[in-house]
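**Q** Just so you know, the sequences run in chain order A and B. Just so it is clear: in the first sequence, position 379 is 378 by numbering that gives the first Met the number 0, and no numbers are missing. Just so it is clear: in the second sequence, position 91 is 90 by numbering that gives the first Met the number 0, and no numbers are missing.
It is worth saying that the hints were derived from the structure and are not from the lab. Among the clues, some could well be false.
[Claimed, not checked] List time: in silico DSSO-like cross-link candidates among lysine-lysine, alpha-carbon distance up to 30 Å: (1) A:K337 / B:K95; (2) A:K331 / A:K292; (3) A:K331 / A:K112; (4) A:K413 / A:K397; (5) B:K95 / A:K331; (6) A:K397 / A:K292.
[To be verified] According to the in silico footprint, chain B covers these stretches of chain A (three or more CB under 8 Å from chain B): (7) 90-102; (8) 122-134; (9) 155-161; (10) 235-242; (11) 325-336; (12) 432-446.
Positions of the beta carbon are idealized from the N, C-alpha and C atoms, including for glycine.
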Amino acid sequence: MHSASKPLHDLGVAELAASLRAGQVSAVEAAQHFLGRARSHESLGAFLAIDEEVTMNQARAADARLAAGTAGPLEGVPLAHKDIFVTKDLPSTAGSRMLEGYRSPFDATVVRKLADAGVVTLGKLNCDEFAMGSSNENSAYQPACNPWDLARVPGGSSGGSAVAVAARLAPAATGTDTGGSIRQPASFCGITGIKPTYGRASRYGMIAFASSLDQAGPMARSAEDCALLLSNLCGPDPDRDSTSLDLPTEDFARSLNDSIDGLRIGIPKEFFGEGLSADVRTAVEGVLGEFEKMGARLVPISLPRTELSIPVYYIIAPAEASSNLSRFDGVKFGHRAKAFADLVDMYKKTRAEGFGDEVKRRIMIGTYVLSHGYYDAYYLQAQRIRRMIADDFQQAFKSCDLIAGPVAPTVAWKLGGHGNDPLADYLADIFTLPASLAGLPGMSVPAGFGDGAMPVGLQLIGNYFTESRLLNAAHRLQQATDFHSRKPEGV
Amino acid sequence: MSLTPDDIARIANLARLELHPDESERMLTQINGFFGIVEAMRAVDTTGVEPLAHPVAVIQDVALRLRADVASEPNQREANQRSAPAVERGLFLVPKVIE
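In isolation and in its complexed conformation, chain A is listed as follows (with noise of 0.2 Å):
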């Protein structure tokens, strides 16, 4: 029935759901093409988990509601959920063996809600352990390949919905970012994603990491796409998470082609330094000046705390994992040691079978930052240039309207190329994590290539609750620009 000039994979959210709507593509086509293209893609590593008959029941109902009228706004669209959301119909591990074959009671608020609109299932995708880490290679199942080289790592934790989108293996995914885990694998795999203000989207059966960091955003290949999906997924959960801001629904693309004349783009001399490295910036300089062309004006600011921002993040991001995962103690869900000689010895065993190298790590320093006699000194510290740090936006929100700059140093490493050297991660999310500890919506824009012809991210950084600004300014940079609608060879 799908008579499109394009291949149903490289239709978009919004073109798709037009499709759809117009009866040129039916829901149970649609799932069908990318379960298909799931299965011949397997070796990527991008799945966790695929069940075909709930995707399959999930698009013939969809196909029933468009038939009927009462279709909802991304009604049959196929869309794959990072693992880290919890889901009714699907196991959900967290890319841990601490959860491997758990099934949640319930479906998380950004599952459900992303449901109401419409979307089909196609699975659960791979994601770093807890999502802890910036490669993927954190996950207790597989490693997952970045499709532009299969060499090298697709970044993470949100890694295997970057690989998913980039390979077209659905046309979008949902993510989570706790300090950069949606917009560096986006950046590393040539995709566009996004981040909301903290408190936008419910935290609600996201598996929990840094409660205070974590949130959900979708990846997708367009800003206008990443716009449909954020309206969607947004929107006060005031009964079930107690941070959730109380703000209505949006439509986060009522701006998008509004004019960039006149904007004011603030570039922090702090991601300009001499850790990026020579072929990110030529591609991230060559989209700011797409920008200038634009009208948009270019303003020197300075986020002078940056490099303090690793630290802070690795003290109150374990922090927070240490307490939300002591949850995992073989008792009420997840794994239990076979042997133990009594309670304690199970909670020990069992933890250390179920909890991967960069989990237990965390957890160490976490429970230490905590502990008595150290958390002044580490924790409320970390809160205190937390604060700092985002005091240092909010100076320099006075002089631009959104701030610009590389998402990460490099492009995409080799798999194994950072080898058995955790702080060689935490290094290179120096660019992601000050927006994250001040809970500013950010994104990941595809600004080029770099070296190895691998993709290269920009990262835009909003002032609270300006998504649709970010989102407007990237849709921008994509009409005049074509990065985002390149794909890696051979898919």
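Following the hints, complete the assembly by docking chain B onto the known chain A.
**A** Only chain B this time, still in chain A's reference frame:
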């Protein structure tokens, strides 16, 4: 500042993690490497700066919401216990704690 093998053992006990000796050793090196970059943070003068928990509190008051203390969920005992390692007669089983 540098952690010792005793510190690692103490923290692992608090965190309820059994570490093999080689794991403890690796952990000690890596965590000490990490605390090398934390020193820069400790040197910052933060006198009079309030700790920030909810980031949006930088620009507006954020009160953590409380909901009414009423049951909002139906009984889902079976669904909730479906993924438990050991259950008997609707109860979670743990090793004996009281003699």
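**Q** Does each hint fit the structure? Answer for all of them.
**A** To see whether the hints hold, each was checked on the structure:
no.: 1; hint: A:K337 / B:K95; verdict: holds (15 Å)
no.: 2; hint: A:K331 / A:K292; verdict: violated (58 Å)
no.: 3; hint: A:K331 / A:K112; verdict: holds (27 Å)
no.: 4; hint: A:K413 / A:K397; verdict: violated (40 Å)
no.: 5; hint: B:K95 / A:K331; verdict: holds (16 Å)
no.: 6; hint: A:K397 / A:K292; verdict: holds (23 Å)
no.: 7; hint: 90-102; verdict: holds (count 3)
no.: 8; hint: 122-134; verdict: violated (count 0)
no.: 9; hint: 155-161; verdict: violated (count 0)
no.: 10; hint: 235-242; verdict: holds (count 4)
no.: 11; hint: 325-336; verdict: holds (count 9)
no.: 12; hint: 432-446; verdict: holds (count 4)
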